[in-house]
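Colleague: Sequence:
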Amino acid sequence: MRSEEIEIRTGTNEVVHDLTRACEEFLEGVDGDGLLHVWVPHATAGVAVLETGAGSDDDLLAALRDLLPKDDRWRHRHGSPGHGRDHVLPALVPPHATIPVLGGVPALGTWQSVCLVDTNVDNPVRTVRLSFLAG
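Residue numbers for the sequence shown follow our numbering, beginning at 2 and rising by one.
Just so you know, these hints were derived from the structure itself, not from any lab. Owing to the predicted nature of the structure, the values given are computational and were not obtained by experimental measurement. There may be inaccurate statements among the hints.
Computed spacing ranges between beta-carbons, pair by pair [stated by the list, open to error]:
id : residue 1 : residue 2 : range
1  : 72        : 36        : 35 to 41 Å
2  : 103       : 67        : 35 to 41 Å
3  : 81        : 36        : 18 to 24 Å
Distance condition first, Cα-Cα at most 20 Å in a straight line; then the derived SDA-like pairs of lysine to any residue [stated by the list, open to error]:
id : residue 1 : residue 2
4  : 71        : 61
5  : 71        : 122
6  : 71        : 59
7  : 71        : 54
8  : 71        : 13
9  : 71        : 124
10 : 71        : 85
11 : 71        : 15
12 : 71        : 81
Every residue gets a Cβ at the ideal spot worked out from N, C-alpha and C, and that includes glycine.
I would like the entire structure built from these sequences, with the hints used as guidance.
Modeller: As structure tokens, this is what we get:
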């Protein structure tokens with residue numbers, strides 16, 4: 002197995018950050034088949050496979066705002082107002098994804114991208130672990 006961590010600067014806004022190119026770069030030199038595992042070791046971020054650039058990424062953030070309002074209903078109360086909802090996010094957008102790799106290339110669909118989903122404006126830097134398990 003091969004594994005490495007990358008650092009992603011998400012800034013101070015909610016974001017769907019496309020990791021697809023980073024995944025492809027990580028797999029450079031791989032000529033076989035296997036599995037790419039993407040893991041976000043954070044309690045307030047997730048990994049999603051979705052279309053980006055056509056509004057789906059903004060739609061996802063809007064849906065998360067509707068499902069998880071940034072208000073005072075949350076029992077988890079440290080950080081900025083409504084931060085407790087960020088700790089519920091990984092139950093809806095899990096902190097991992099596993100993608101088949103064929104011939105060293107992620108076997109994503111035509112419009113699919115691998116994305117970091119981060120609604121936590123209190124943490125502007127994220128770590129993402131990429132791991133390749135050869136078949």
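Colleague: Now tell me, hint by hint, if it's right for this structure.
Modeller: For each hint, the structure was consulted:
1. The hinted window of 35 to 41 Å between residue 72 and residue 36 holds, with their beta carbons roughly 39 Å apart.
2. Hint check: residue 103 to residue 67, Cβ distance near 37 Å, so the stated range 35 to 41 Å holds.
3. Distance hint check for residue 81 and residue 36: the Cβ-Cβ separation is about 36 Å, which falls outside the suggested range of 18 to 24 Å.
4. For the suggested pair residue 71 and residue 61, the alpha carbons sit about 15 Å apart, so the restraint of at most 20 Å is met.
5. A hinted pair counts as satisfied when its Cα atoms are at most 20 Å apart, and residue 71 with residue 122 qualifies at roughly 11 Å.
6. Of the pairs offered as hints, the one joining residue 71 and residue 59 holds, with about 17 Å between alpha carbons and a cut-off of 20 Å not exceeded.
7. Taking the CA atoms of residue 71 and residue 54, the gap is about 25 Å. The hint is violated against a cut of 20 Å.
8. The suggested pairing of residue 71 with residue 13 holds, with an alpha-carbon distance near 15 Å, which does not exceed 20 Å.
9. Using a Cα cut-off of 20 Å, the hinted pair residue 71 and residue 124 holds, with the two alpha carbons roughly 16 Å apart.
10. Restraint check for residue 71 and residue 85: the C-alpha separation of about 8 Å stays at or below 20 Å, so the hint holds.
11. Simply put, residue 71 and residue 15 have alpha-carbon atoms about 12 Å apart, close enough for the 20 Å limit, and the pair holds.
12. Pair hint residue 71 plus residue 81 holds up; C-alpha atoms about 9 Å apart against a cutoff of 20 Å.
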